[in-house]
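Chains as they are written, first to last, in the UniProt record's numbering: chain A, 1 to 252; chain B, 1 to 260.
Simulated from the structure, these hints should not be mistaken for lab results. Just so it is clear, the structure is predicted and the values come from calculations on it, not from any experiment. Mixed in with the good hints, there may be bad ones.
[What the hints assert, rightly or not] Between beta-carbon pairs, the in silico distance windows are:
(1) B:Arg-145 - A:Ile-110: 37 to 45 Å
(2) A:Leu-103 - B:Arg-144: 39 to 47 Å
(3) A:Leu-103 - B:Pro-72: 33 to 41 Å
(4) B:Arg-144 - A:Arg-98: 38 to 46 Å
(5) A:Arg-249 - B:Asp-8: 54 to 62 Å
[To be verified] Partial selection, computed: residues in chain A whose CB lies under 10 Å from chain B:
(6) Ser-12
(7) Arg-155
(8) Ala-239
(9) Arg-250
Note that the Cβ used here is the ideal one computed from N, Cα and C, for glycine as well.
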Amino acid sequence: MAFRGFGGIATSGLIAAAILWSFATTDVEFSRLLSAGPRIADFFGRMFPPDPTVMAEIKKGSAETLRIAILGTLGAVILSVPLGILASETMVSPAVFRPIRTLLAFIRAIPLILVAMLMVGAVGLGPLPGIIAVAFHATGMLAKFYAEAIDGVSRAPIAALESAGAGPLVRLRYAIWPQMAPVVARDTIFRFELNLRESLILGIVGAGGIGFYIQTYVRSFQYDKAASVTIAVVVMVIAIEAINVALRRRFT
Amino acid sequence: MSTAVEVDDLRFAHTGADLPALERVSFRVSAGESVALLGPSGAGKTTLLALLDGRLQGWSGRVSVLGAPLDPDRPPPSARRPDTGFVFQEFALVERSSVLRNVLNGRLGRMSPLRALLGSPTKHDLEIARTALADCGIADLAERRVDSLSGGQRQRVAIARCLAQEPRLILADEPVSNLDPAHACEILALLTGAARTRGATALFSSHQPDLARRFAQRIIGMRDGRIVFDVPTSELNDDATAELYREVGPIPGIGLRAVS
């Protein structure tokens, strides 16, 4: 039983109050839902049939999004290797891994779209701010995963190499790395998939990729073209997920 | 005859433990000897061997290994570590690496740190690794991955890794307790034989009196963290062995009660 006694009553009351407050203070006019049907029908009507003439834009945008995801993931891997080592209990003392873990949690807490907007301000429009934003944002998760992979390996071979006189980095290379390699491969592929999905929307803030075209076509009421781009995005996401599932099966 | 291990009034307690794991432990092992630590689980054998290997700190007393004193507060300098080889009960191999790679891991302490990190063993390193594999009867398994081997084969790989270190002292913690009796005899014969032919000292622990008798020149009996007897194998009588296991109930490892 989750809600028991006075604490339970107080918690239930608090949740009820929060819900009522949200209804009361926001401008939620449910009457507008009634007239939404025809408008949605009109919206979809204008999206159909999708305009196939935008193939060139789709190709260009998809390629750019893919490049942002690949280079962003590469950047995140390069940053995550040292940060992952510095965030692991096995490799460093608490005085080092605690602040590094806090830093990574802080990075994870910043939304990608916010980082992208800041980067557009800093380096201008185009794919470069997108790449930097993805690399930064993904490092928060990937370095944590790498640290967990290091800490998750069997300790006995590490002790054996220590006994043989191998230093910490040599132990990492020959006792820890062979054990963690499949985990790192799986985590990196997973993060790449997330990077690709997340970078689809970067174009909306001007940080490059296919999102730019969705934004442009919707704003200029060319819903049939927006529909084509949306279909392309859906196909891309499904394709990447299928490839990743197949890849991940190999690393077990 | 020179001394391989000298321990004087050693005491050690694990952090948070009420009773010490080792207390008033004193003994010496001459170079070239083959000595067994005999005793029930929980007697302190594993702790003593790990301590001699320089992997435990915070003890008191005097310990010297291969003529050099151990520091109670810090691990020994890495240059000295390869001289002491260690064979683990659970093999402690890198399962996803090849047999040869695991044996070469025993050479890492003998290489320069840069060469070790780059993973480029010299011809000499490879030759020593291949010799160790041949001595352990597993030359044909060199390219196999460890996770495809049986228990007996794994312990042979672990012994080959230890031999590749070119140790002058071989410590082995229950090296055969995971193996069936036939393999246990083979492995202990291999371990003590390899130590003898290389002029190395062997100190291994066991909870099986018959194995200790068969492969050691001297037997040190341990119980509840203390040494109960220390005799040449020929003088070990059944009463002393029985005393060692007296009152050790159906659950071994409960030990650590005061000796009455």
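Hint-by-hint comparison with the structure:
Roughly 42 Å separates the CB atoms of Arg-145 (chain B) and Ile-110 (chain A), a value that falls within the hinted 37 to 45 Å. Against the hinted window of 39 to 47 Å, the Cβ-Cβ separation of Leu-103 (chain A) and Arg-144 (chain B) comes to about 43 Å, which satisfies the hint. A hinted range of 33 to 41 Å for the beta carbons of Leu-103 (chain A) and Pro-72 (chain B) is consistent with their spacing of about 36 Å. At roughly 42 Å, the beta carbons of Arg-144 (chain B) and Arg-98 (chain A) sit within the given window of 38 to 46 Å.
Checked against the hint of 54 to 62 Å, the pair Arg-249 (chain A) and Asp-8 (chain B) passes, with Cβ atoms roughly 58 Å apart. Because the closest C-beta pair between Ser-12 (chain A) and chain B is about 42 Å apart, greater than 10 Å, the hint is violated. Look at Arg-155 (chain A): its Cβ gets to within about 9 Å of chain B, closer than 10 Å, so that hint holds up. For Ala-239 (chain A), the suggested interface contact is broken, since its CB lies about 31 Å from the closest CB of chain B, more than 10 Å.
For Arg-250 (chain A), the interface hint is violated, since its Cβ never comes within 10 Å of a Cβ in chain B; the closest pair sits about 14 Å apart.
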